[in-house]
Amino acid sequence: MIKLQLEDLQPKEIMPGFKGRLIHGENMTLAFWEVDKGAEVPQHSHVHEQLLHVLEGRFEFTLGDVTQIFEAGELVVIPSHTPHYGKALTACRLMDVFSPVREEYK
1 MIKLQLEDLQ PKEIMPGFKG RLIHGENMTL AFWEVDKGAE VPQHSHVHEQ
51 LLHVLEGRFE FTLGDVTQIF EAGELVVIPS HTPHYGKALT ACRLMDVFSP
101 VREEYK
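All letters in the sequence shown, in the order written, are residues 1 to 106 by my numbering.
It cannot be assumed that every hint is accurate.
List time: in silico SDA-like cross-link candidates among lysine to any residue, alpha-carbon distance up to 25 angstroms [said to hold, decoys possible]:
hint : residue 1 : residue 2
1    : 106       : 44
2    : 87        : 69
3    : 37        : 26
Now the in silico label distances, taken between C-beta atoms and shown as ranges [unchecked claim]:
hint : residue 1 : residue 2 : range
4    : 2         : 83        : 33 to 39 angstroms
5    : 106       : 40        : 21 to 27 angstroms
6    : 13        : 75        : 21 to 27 angstroms
Keep in mind that the hints were calculated from the coordinates and are not lab data. Being a predicted model, the structure only gives us computed values, none of them experimental. Glycine included, C-beta positions come from ideal geometry on N, C-alpha and C.
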């Protein structure tokens, strides 16, 4: 067992405006993001199933053909291979869970 403190993890800027503190298990990745206002995730899809939880701020999110605004406390389930896109309407804190592990985030 390894005890971790989130604040001790070095953030990585995975894409412009998205700085993540990343934890990798055997079968999943947990990402805590600090997101700049206006930062965007371009439309993409991946093999990973993903859970997105908005911790702070307002985040516009498109899953398939449906666009909604998500605020603190709200979550979305993103199935594998489903196109999605997001934009921070304010500065945000987000948490993502990916399964399987996001190897490219290591």
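How the hints compare with the structure:
This hinted pair checks out: residue 106 and residue 44 have alpha carbons roughly 19 angstroms apart, not beyond 25 angstroms. Distance check on the hinted pair: residue 87 and residue 69 sit about 10 angstroms apart at the alpha-carbon level, within 25 angstroms; holds. Of the supplied pair hints, the one linking residue 37 and residue 26 is violated, its CA atoms being roughly 32 angstroms apart against a limit of 25 angstroms. Taking 33 to 39 angstroms as the suggested C-beta distance range, the pair residue 2 and residue 83 conforms, at roughly 35 angstroms.
Checking the proposed 21 to 27 angstroms range against residue 106 and residue 40 shows it holds: the Cβ atoms sit about 23 angstroms from each other. Between residue 13 and residue 75 the CB atoms are about 24 angstroms apart, so this pair conforms to the stated range of 21 to 27 angstroms.
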